[in-house]
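Chemist: What follows is the residue order along each chain.
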Amino acid sequence: MRILLVEDDPIIGDGLNQGLMLENYAVDWAKTMSEAKLASRTNQYNIIILDIGLPDGSGLDVLRDLRHQQDDTPVIILTAYDEKIQKVAGLDAGADDYLVKPFDLDELLARLRALSRRSAGRANPSYTVGDLVLEPASHKVFLDGVDISLGPKEFAILRVLMEKPERVFSKTQIEDSLYGWNMEIESNAIEVHIYGLRRKLGKNVIQTIRHVGYKMSDGSV
Amino acid sequence: MAALTTVTIALMVFLYKSAPAKIKKAVEHFNKEVALVDRGMLQGLDANKYPSVLQDQVKIINDHFKSEQERIEQEMLFSSEASHELRTPLAGIKLQTQIAQRTQDSAQRDKALANIMTSIDRSTQLVQSLLLYSRLSPHRLKQELEEINVILLIESILKSLHKKAKVREIDLVLEQHNTAILPMRLHAEYIETLLKETIDKCLENKLSIGQLIVKVERADDALKIDIVNDTMRQYQEEKTIAQEILNGSSRLNDEICRRILLLHGATQTFLLGETGEFKKATITLPNTY
Chain B
1 MRILLVEDDP IIGDGLNQGL MLENYAVDWA KTMSEAKLAS RTNQYNIIIL DIGLPDGSGL
61 DVLRDLRHQQ DDTPVIILTA YDEKIQKVAG LDAGADDYLV KPFDLDELLA RLRALSRRSA
121 GRANPSYTVG DLVLEPASHK VFLDGVDISL GPKEFAILRV LMEKPERVFS KTQIEDSLYG
181 WNMEIESNAI EVHIYGLRRK LGKNVIQTIR HVGYKMSDGS V
Chain C
1001 MAALTTVTIA LMVFLYKSAP AKIKKAVEHF NKEVALVDRG MLQGLDANKY PSVLQDQVKI
1061 INDHFKSEQE RIEQEMLFSS EASHELRTPL AGIKLQTQIA QRTQDSAQRD KALANIMTSI
1121 DRSTQLVQSL LLYSRLSPHR LKQELEEINV ILLIESILKS LHKKAKVREI DLVLEQHNTA
1181 ILPMRLHAEY IETLLKETID KCLENKLSIG QLIVKVERAD DALKIDIVND TMRQYQEEKT
1241 IAQEILNGSS RLNDEICRRI LLLHGATQTF LLGETGEFKK ATITLPNTY
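Protein sequences appear in the order of chains B and C. For the first sequence, position 37 matches number 37 in the working numbering, and the numbering has no gaps at all. For the second sequence, position 267 matches number 1267 in the working numbering, and the numbering has no gaps at all.
If a hint is listed, it holds; no wrong ones were tucked in.
Within a straight-line C-alpha distance of at most 25 Å, the following computed DMTMM-like cross-link-like pairs (lysine to aspartate or glutamate) qualify:
1. B:Lys31 to B:Asp92
2. B:Lys87 to C:Glu1075
3. B:Lys31 to C:Glu1169
4. C:Lys1111 to B:Asp14
5. C:Lys1280 to C:Asp1171
These are computed hints drawn from the structure, not numbers from a lab.
Pulled out of the complex, with its shape left as it was, chain B reads as follows (with noise of 0.2 Å):
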């Protein structure tokens, strides 16, 4: 899942870089408001987290871009600003959540899972695909109910594909959503996690569509 943040102090941001990647997020940080512009307009984002105050202008304005543009990516507000008139502001600008600082990191990761869940029309907390059921919250696997032990990026790659596990994805789309600007890559690491996780779940889990990419096996495990 790859997030924009949008936030100009250096200790927040960087906390908050460092919280969302130890959650296996892929983060683009921007620090100011036209390099929030910019980056949500060439590229795809699940999630923004958005500050108000930008030293050249306002984090409103970012997100009245963004929904000028029809974009629909759902944003959460952090801002300092508690009144109520602030945050109907930010609400009625088009903003789906609003978080005060100082906030705990635990309660945004749980905004943050709740927005992707409502974003994809879902209430369900975990994600089912026959056998397989993945919970973000407690970072669990269970494979008829057995807990499988899965490392950081293959817990991320599953997610990508039981999230929407009737689409296919192609190598590129499950890059971009695990991995942020400054990340490097290595050219096989799709293939190696992807082989990690067929060992640990069943050859037949997740099904190679030659020449487009990766989904999830039809109906079962």
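Knowing the structure of chain B, use the given hints to seat chain C on it.
Modeler: Chain C only, in chain B's frame:
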């Protein structure tokens, strides 16, 4: 406040000495209105309810109520801004503590701990600013005025900013015109804060490498301090701008500077050059007696 009390007593005495029934009613009304203003339920006295001979006094009282109301609103806004500014380093501390608790990587943990220290320093600075703000009063200014050598003070400020300037390849230069700059009667802490904030803001807004020149000269009984961006010297001045829109602005510190300027009867301007870059800041500092 003393002037207001005198006017109020005069008003009451006048009312009581006039026709009893009508005036007693007016006095009662006056008391009621003052109580309502006191409770914040009324902005001021209703001038239509008082005799024409007292209209000037009613206006003085209403003007006082208005300026008092504005002062209270300003204080409330300041407290609100200060609390919001404190939330940012507090959020940094909380977040970085959670990172330090979660990570298995010792380098990441060390970085998080260093960030926590930075955030604590920033919070401490904000608390210091709040304390300073609470101490900004005309009474204290009068009590603590002292002879200050402004040149020595600027030298020490430039020294404290040297490291920050060096990172950005900017030289801080002091130019002293009319050699004999006499000591000024000022409040040392207030003036140091004002000058440091202003020079620091100029440094933040100098975009190119080169020199930031602090020029000090005596103009009659005042001191004129120009902080000039040398790379903008050849450009014309374009416009005066409010300090709030410059980089490195904090509403808390801006308000502190505004209050210090007011207390000293000093002025401060920031000028942009025609290219839109910061060109010059000027502080005019009169001797305080």
